[in-house]
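Protein chains: 2
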Amino acid sequence: MLPKSLVDLIEALGKLPGVGARTAERYAYYLLRADERISTELANAVAIVHSGVRVCPITYALIDSTEEISPLYADPERDRTTIAVVEEPLDIIALEKIKQYHGTYHVLGGAMSPIDGIGPEQLHIPELIARIQKDKVTEVILATNASVEGESTALYIQKQIIDQGVDVAITRLARGIPVGVDLEYADIITLTHALEGRRKL
Amino acid sequence: MLPKSLVDLIEALGKLPGVGARTAERYAYYLLRADERISTELANAVAIVHSGVRVCPITYALIDSTEEISPLYADPERDRTTIAVVEEPLDIIALEKIKQYHGTYHVLGGAMSPIDGIGPEQLHIPELIARIQKDKVTEVILATNASVEGESTALYIQKQIIDQGVDVAITRLARGIPVGVDLEYADIITLTHALEGRRKL
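Going down the list, the sequences are from chains B and E.
Per this note's numbering: the first sequence = residues 2 to 202.
Per this note's numbering: the second sequence = residues 2 to 202.
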């Protein structure tokens, strides 16, 4: 019913996360109708992304393949004695956007999830422990997600650090009511965290 | 903050319809982490889609660049005296899926929309009128969308056909309550159509 090259494109686009048949059709049809420059740019970008990106051997952030280590670690302005521990490389963008954090990062590469077969040995936890000692770290901010997996990963790392007997502050991002959300719409767990973490004015 | 090749990919993916920055990031990160075969397939499919697809000079359906005319027109099993007029090439897929229609198609290439500067002269309407006479068409099914643009395009085409003075039945797809939708949830326009189009049992 459809040209083979269009069917192939719909199939390839349908492999993107959360993209069903209808969405893939819409994307493919857009690429077909749009200026050829747009599809050429996309084809090139997809083709070179694997070779253009590598993983920083210290922080496990994604870096340009021309770089040796992450600029967010190499930069002398960044405070290496503070490490924000995140699950995925893209979490770094979220934290960098607020422009308030001047420490370094450590990407775990996911969170512990027994159901998906991801245990602590699949995550960059030993490398984190080694960094804490090597860089004389004074604070580790456990910025894993507020999911069951993120929380248990944070707990596990906390225990690992304590077991090392090193003197380092271990913190976790504050949980509470997000800005702009009315009290009545906050869920019970968030509200519990907000109450527990209440601050003196 | 991110490797240049990843930023470029996020930007290119962000041009797809309805894809915002966060979704583009998710797609790009998926392509980076997935097997290189998946991104290679996508890159190739995007790269060749323009050269692999052409437009049928009779029905304006999308066809393989190796074909001369649409198989849905060339096939002797298809009844050329019936034409379903649709807005976009992908609408053909929807109608072909029901496997009940054995006529041919005519793709308009959109619908009349003064606000977007699309008038009848941008659509393949003269070619439709010519086909009606050439193929001795007995029925034209106006299968444009149930939007304001689709309805006014259907009305315009109806008038054009009548002006030709040819003896051809002009029909429109039935409007009514979709299967599985409760009466109480049907909108007022759909319900009006359903009442007007009620059938004897």
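Please note that a few of the clues may not be correct.
If chains are identical, the list can't say which one is meant, so a pair holds when it fits in one copy or spans any two.
Listed next, the in silico DSSO-like pairs over lysine-lysine satisfying Cα-Cα at most 27 Å (straight line) [to be verified]:
no., residue 1, residue 2
1, Lys98, Lys5
2, Lys135, Lys160
3, Lys135, Lys5
4, Lys5, Lys100
Calculated directly from the structure, the hints in this document are not laboratory data.
Against the structure, the hints come out as follows:
For the identical chains of this complex, Lys98 and Lys5 are inter-copy neighbours only, at 17 Å across copies versus 43 Å inside a copy, given an alpha-carbon limit of 27 Å. Taking the shortest alpha-carbon separations for Lys135 and Lys160, only the intra-copy value of 19 Å comes in at or below 27 Å, while the best inter-copy value is 81 Å. For the identical chains of this complex, Lys135 and Lys5 are neighbours neither inside a copy (56 Å) nor across copies (30 Å), given an alpha-carbon limit of 27 Å. In this homomeric assembly, Lys5 and Lys100 come within 27 Å of each other (Cα to Cα) only across copies, at 20 Å, whereas the closest approach inside a single copy is 48 Å.
The structure fails hint 3 only (numbered hints given earlier).
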